[in-house]
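Student: Each chain, written out:
2 protein chains.
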Amino acid sequence: MKDTIKQWMQEHREEAVHFLQQVVQAPSIQGNEADAQKLVADKLAAMGLEVDMWEPGGEELIHHSYFCSPRTVFSGSPNVVGIWRGEGGGKSLILNGHIDVVPSGDREQWEDDPFSGKIEDGKMYGRGVTDMKGGNIAMLYAVECLKQLGIRLKGDVVFQSVVEEESGGSGTLAAILRGYKADAALIPEPTGMKIFPKQQGSMWFRIKVKGRSAHGGTRYEGVSAIEKSMLVVDAVRKLETERNEKISDPLYQNIPIPIPINIGSIHGGEWPSSVPDLVELQGRMGVAPEEEMEDAKRAMEKALSSLEDDWLKEHPPVLEWFGAQWVPGMIEPDHELMNRLIHAYRSVRGEEPLIEASPWGTDGGLLAKVGGTPAIVFGPGITGMAHYPNEYIELDKVVECAEIIALTIMQWCGVAGEKKAGAI
Amino acid sequence: MKDTIKQWMQEHREEAVHFLQQVVQAPSIQGNEADAQKLVADKLAAMGLEVDMWEPGGEELIHHSYFCSPRTVFSGSPNVVGIWRGEGGGKSLILNGHIDVVPSGDREQWEDDPFSGKIEDGKMYGRGVTDMKGGNIAMLYAVECLKQLGIRLKGDVVFQSVVEEESGGSGTLAAILRGYKADAALIPEPTGMKIFPKQQGSMWFRIKVKGRSAHGGTRYEGVSAIEKSMLVVDAVRKLETERNEKISDPLYQNIPIPIPINIGSIHGGEWPSSVPDLVELQGRMGVAPEEEMEDAKRAMEKALSSLEDDWLKEHPPVLEWFGAQWVPGMIEPDHELMNRLIHAYRSVRGEEPLIEASPWGTDGGLLAKVGGTPAIVFGPGITGMAHYPNEYIELDKVVECAEIIALTIMQWCGVAGEKKAGAI
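Protein chains in written order, with our numbering: chain A, 55 to 478; chain B, 55 to 478.
Do not rely on the hints blindly, as some may be mistaken.
Copies of the same chain look alike in the list, so a pair counts if it fits in one copy or across any two.
What the hints assert, rightly or not - Straight-line Cα separation of at most 25 Å, SDA-like style, residue types lysine to any residue; simulated pairs:
(1) Lys-60 with Leu-203
(2) Lys-262 with Thr-126
(3) Lys-262 with Pro-443
(4) Lys-423 with Glu-174
(5) Lys-92 with Gly-144
(6) Lys-292 with Val-277
It is worth saying that the hints were derived from the structure and are not from the lab.
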């Protein structure tokens with residue numbers, strides 16, 4: 055069966071690559087996901103899946119205790135789910151991928167248009183190709199492969215193309231609230247073909263640092279919020295070091311900073327000739343897989359309230375948690391889906407997989423904690439390329455990943471039979 | 055005559071304060087100066103001056119070598135000039151004040167609305183009241199006083215209410231190009247009743263600092279432009295220290311930082327979960343009164359190219375000079391207008407004036423270098439309150455300044471006669 059799948063993948067590789075390119079060329083940054091989702095929905099329908107496409111929203115979602123998004127209206131940002139009903143007696147599997155991509159950043163650092171989908175030397179380039187459209191297309195072609203080979207499954211496969219993962223998972227939360235649950239889930243985020251049974255959580259924060267304005271020519275009459283914000287950045291860096299020194303989980307042994315605190319933006323001051331009186335930092339704090347998010351929040355609060363600076367003691371930085379958060383998640387290391395995936399991996403790649411903990415949050419935390427669906431993260435994208443200029447993916451990895459997912463689906467959901475004799 | 059003027063001022067104080075309040079309540083930030091200018095123009099017309107109101111612009115202005123503005127279109131931003139023609143045989147005087155104010159900054163640091171014009175304990179509050187609407191109204195009431203007392207002058211008085219001083223002086227440059235020149239000028243910027251025969255120049259700069267983007271969860275794969283920008287801020291601070299250690303002019307002896315380099319704004323990064331790949335700093339560099347602006351620029355370039363950091367050596371910060379600049383300026387210490395002003399000051403305040411160099415640029419540099427009109431800066435506002443939250447002015451100082459200006463005008467322009475017998 056492994057060889058039949060491999061052969062099908064080779065025969066359909068060009069088609070899959072072309073479809074990935076189309077999806078990459080639809081620049082599905084937040085609020086702009088509809089075009090890419092339409093491509094996916096049409097494809098799922100053509101494959102013969104039941105398609106459910108809807109815009110998240112409503113009271114239940116936006117008042118849910120795990121709802122976390124900078125917006126409450128999702129018009130133009132539909133979720134897409136495709137259902138392949140099994141014939142009964144098998145385990146169900148959610149295949150979950152997000153369609154939203156982060157902004158492309160400084161245009162000058164891209165060699166081509168960030169949404170070019172350019173192919174060169176076996177790589178495809180573009181914002182989102184690694185995080186995680188390449189993974190989405192791998193799982194989509196895994197399903198199409200099994201369908202076309204005439205495989206009939208016992209358990210259901212629920213293919214999810216969700217919005218809003220990059221800002222807190224409200225797309226996946228909406229899918230859970232719509233009733234989509236399963237015995238387990240696979241999320242092909244860019245793990246570089248590593249298997250992540252544990253996912254780090256994370257939360258967005260903002261810190262407001264006050265100064266006091268004055269004319270720049272008499273700047274000694276004021277207090278620069280930029281200079282004070284540097285003390286805050288130093289304190290955050292120190293907190294990060296302290297937190298990471300405590301991490302002893304062997305799944306993190308090869309990761310330079312297991313639970314990073316990233317300061318993603320800084321904005322302050324309005325006028326070159328005025329002393330800036332307010333700087334706002336925004337960032338993302340990593341939460342260890344077994345850590346409570348509230349404990350991580352308290353650690354940050356403590357670091358900011360212990361700053362050794364007279365001005366900051368009198369004008370303490372204001373910390374807020376806003377926008378996105380990703381709940382940490384994990385699956386038992388000996389869970390059956392882990393065994394099935396490891397087996398399929400060995401079978402396709404002829405080597406042992408690397409098993410680590412993820413350096414970022416995924417929608418796996420929500421699937422587990424809210425949906426009762428434990429998740430593994432495993433995908434073809436390159437971890438270090440996520441959110442990076444000239445983001446790319448190796449197309450060979452997309453195909454290999456599709457093969458591994460196809461085998462895993464068959465093993466996990468169980469095969470009821472085949473429709474077309476001779477197809478295998 | 056001193057006492058007659060003082061008496062007139064006391065009788066008209068309430069009216070002047072009310073007019074200042076109206077002008078402060080017109081929030082004349084850049085692009086929004088028309089309402090305040092209309093008040094001034096109507097007042098000048100009511101006083102019997104010839105009023106010239108026009109929007110700056112045209113090829114001669116925007117291609118002038120001293121033109122420096124973030125904009126080239128000034129619709130909605132008129133200049134106002136009021137001319138009081140002398141009868142001949144006297145020296146002419148430009149009274150120059152800017153109507154534009156800097157933005158109000160962080161609203162939370164203001165106790166009242168920034169444009170309230172609130173009066174309490176002899177002070178008026180509001181953005182621009184000290185820098186420099188209080189000074190403008192002082193010179194306006196000085197002129198009205200002399201007009202109402204029936205004084206006839208020999209030389210012309212040219213009252214100028216200009217736009218755009220806060221971003222490089224294109225309002226004053228436009229007035230010079232329209233033909234307004236004089237034997238000398240007085241600019242009532244907020245000197246705290248000190249007399250500034252020398253004015254520091256200044257220039258706006260922006261510095262772009264590159265990083266390399268990556269996902270915040272693997273931030274060690276990227277380079278934070280925020281962290282790199284801190285090294286740049288440190289280097290600018292060091293340059294400022296070195297430059298100021300060389301200043302020995304006694305006019306600067308009481309000023310903590312004679313020629314400051316202010317970093318006024320910082321903006322970088324787009325997403326909390328991404329490593330920021332670009333930070334832009336904007337600021338204002340002070341230029342010593344006798345220094346060439348090009349020499350100051352070279353000093354900044356050198357400081358930025360000598361940064362000891364491997365990343366910044368490979369990706370040097372990009373420095374640009376943009377938007378505003380203020381040409382340094384000076385008047386001879388023994389100029390006749392200096393003597394007249396010092397004499398009037400002593401006569402009204404009964405003490406010696408403090409004579410210093412200004413901590414900021416004014417339109418005086420343009421008046422001298424382009425218009426051939428040497429200028430003194432002297433005004434009632436509080437130097438440290440310029441661009442400050444809860445900006446205020448002491449109303450007594452406005453009145454005293456008006457008295458001193460009225461006496462100075464009479465002494466400088468010369469009195470041809472009085473219209474109304476018994477008025478003095």
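Student: Each of the hints needs a verdict: does it hold here or not?
Tutor: Hints, one by one, checked against the model:
1. Taking CA atoms no more than 25 Å apart as the test, Lys-60 paired with Leu-203 passes inside one copy only; the shortest distance there is 12 Å, against 102 Å between copies.
2. Within a single copy, Lys-262 and Thr-126 get their C-alpha atoms as close as 24 Å, which meets the 25 Å cut-off; across copies the closest is 35 Å, which misses it.
3. In this assembly of identical chains, Lys-262 and Pro-443 lie within 25 Å of each other by CA distance solely across copies; the values are 17 Å between and 28 Å within a copy.
4. Taking the shortest alpha-carbon separations for Lys-423 and Glu-174, neither the intra-copy value of 41 Å nor the inter-copy value of 59 Å comes in at or below 25 Å.
5. Taking the shortest Cα distances, Lys-92 and Gly-144 never come within 25 Å of each other, neither inside one copy (30 Å) nor across copies (81 Å).
6. Proximity of Lys-292 and Val-277 under a CA criterion of 25 Å is satisfied in both settings, with 24 Å inside one chain copy and 17 Å between copies.
Hint compliance for this structure: hints 4 and 5 are broken, all remaining hints hold.
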